[in-house]
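Here the protein sequences come in this chain order: H and V.
Numbered according to the working numbering, the first sequence terminates at residue 152, and the numbering increases by one at each position without gaps.
Numbered according to the working numbering, the second sequence terminates at residue 1172, and the numbering increases by one at each position without gaps.
Simulated from the structure, these hints should not be mistaken for laboratory data.
Among these hints, one or two may not hold up.
[To be verified] Think about it this way: if two alpha-carbon atoms lie no more than 30 Å apart in a straight line, the pair counts; the simulated DSSO-like pairs of lysine-lysine are:
no., chain 1, residue 1, chain 2, residue 2
1, H, 49, H, 81
2, V, 1123, H, 131
3, V, 998, H, 126
4, H, 49, H, 113
5, H, 126, H, 49
6, V, 997, V, 1123
7, H, 113, V, 1114
8, V, 1076, H, 123
9, V, 1123, V, 1076
10, H, 74, H, 113
11, H, 113, H, 123
12, H, 113, V, 1123
13, H, 105, H, 126
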Amino acid sequence: MRLFNMPPQIVRLCLVTIGIVGSYLVARAVLTPPSFREYGFFRGDALKDIMALPPQYGGKVSCDECHSDQFTKLNKGGHKRLSCEVCHGPGYAHTQSPDAGMHKPTFTVCSKCHEANPSRPKTHKQIVLKEHYAGGKCMECHVPHSPAEVP
Amino acid sequence: MDVTNVMAHVASSVDVTNILVEVAPRFEGYVYPNEASPEPLWGILIVIYPYITGLVAGAFIMASLVRVFRVQALEPVYRLSLLTALSFMLCATMPLLLHLGHPERCYEIMMTPHLTSPMAIFGFVYAWYLMAVLLLELWFDYRQDFVEWSQTEPGFRGMLYRALMLGVTDESEAAVKLDMKLGWIISIIGIPSAFLLHGYVGFIFGSIKANPWWGNVLMPIIFILSAMVSGIALCVLNYMVLTWVRRKKIDMRCLDMMAMFLFYALVIDAAVEGLDWIHRIYSAEEDFSVIRYVATEKLFYTLNIGQALMGTVLPLLMLGLNQVVRKRLSDMARKRMYFASALMIVLGVFAMRWNVVIGGQLFSKSLRGFMSYKMQFIGMEGWLLGLVVLSIPFIILTVMIKLFLSERLPTAGHTPHPTPPSN
């Protein structure tokens, strides 16, 4: 093949290069999501996709509708900055239908924050669970909704 | 270093690290919560990634000794080196894709290129090296043979060679001369490209300035030099194994020359890595006590025994001895020493990659605590998969040798570039 009097190797390689670059450009046009760079360096529709997901958490205020006594108690105690769902788990389904149960917290929930860990501030109450109480039933002696209270 | 208690909440997250026994992750001293994971974020697959990339760069530089620097004694391994580089290049991104866990998304790095992400740029460095350097150089070198083989070989092979010809059937002296000239130019471009490819891998680690084990300006240079050493050693092994499989006689002139270049490369590599350590020890910055503990305790076997003794000192002694008293040693003794040295270097450089990748994740950012790593057997970061990934380039190389380095197929006989290009 003689094109512009160029050697055939060069002509073929030019054609192959054009083919590869062209395929890349076509693939890029087809495969790049249309909403890419809409808000930033990501697929804009990703936000809509996330918004379309069913909510998992009901939010602290929704608990007040039926459990106002516990809600008031919690907001007065040392755990007032915690949301109910921190210990009880995601509860949106429960807010829609009381039949949908909630997670019943066990000692593992308490130990997540109160197990001794040198990286935690000294002011934070910490215990070595095995030394503190091997029974694993924190609520025998503590009231999570009002930590200062003795049952 | 003050060793305190094992953090109970972390010990509770026992991970199955072996199919037979459960090993709890162990921490010493003060470790931040985000560092207290059962195993490091980067495991064996990230160790294999710079290892394979280094072998590519090293094997290519080995080939360029023939084409650019016209070391004619190495001609028997020219094509083998290039095919080795290509086989490993085709697998270079495999450990990364497996590590990330979504290999089907691999094209996205090219579709939406991000110019400030080092890993995204690596996609282009990789593409450049594969498409514009390796494949082009191989094509120019093989083109005349493809034309010949396409006429003589039937069936699938014939079709393959015809396809690889890209429709160029010109075998005139001028056309072949042009092939050689263009191949020579690409090889010249290929040397800095090979340095860029592997220097870039070193840069990815060296630019992590928050980690004193990695954040080091010498890192790209150390990576390139160790890549050259490992690549040449792999070519020595491949050449010796191939001739043994084919029951052929080893060209001792070629093997001696490879061993000589291996020795020189190893001397420079050992000197620069030694310089790095001298600098670290003498400057003894605030992180030095941690680095010293990692080097002497956590990585004792892989760094001192694997990388330093087995991968550097013993091969240096053996290859050095060969340089001094080569004529007094029999061919068999030299072959054995070369094979042992190359094998130890290949394993030693793997230990070096391990030390870099895993070593940087064995101490806390607090510089007051240490993590540990127990490699799994099965799983995405297990050594079984690591072995599989490492064996795939050799399988590809075997197929390529069958297709493009077959004894049955006559070659055109032209040397890569015995004389300076005159056209």
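Cross-check of the supplied hints:
1. H:49 x H:81: violated, 33 Å
2. V:1123 x H:131: Holds, at roughly 26 Å.
3. V:998 x H:126: violated, 76 Å
4. H:49 x H:113: violated, 33 Å
5. H:126 x H:49: It is violated: about 41 Å lies between the C-alpha atoms, which goes past 30 Å.
6. V:997 x V:1123: Distance of about 43 Å is beyond 30 Å: violated.
7. H:113 x V:1114: Roughly 23 Å between the alpha carbons, so the hint for residue 113 of chain H and residue 1114 of chain V holds.
8. V:1076 x H:123: Given pair residue 1076 of chain V, residue 123 of chain H is violated - Cα atoms ~72 Å apart, limit 30 Å.
9. V:1123 x V:1076: violated, 47 Å
10. H:74 x H:113: OK: residue 74 of chain H and residue 113 of chain H at ~22 Å, within 30 Å.
11. H:113 x H:123: holds, 16 Å
12. H:113 x V:1123: holds, 25 Å
13. H:105 x H:126: It holds: about 23 Å lies between the C-alpha atoms, which stays within 30 Å.
Against the hints set out earlier in the document, violations occur for numbers 1, 3, 4, 5, 6, 8 and 9.
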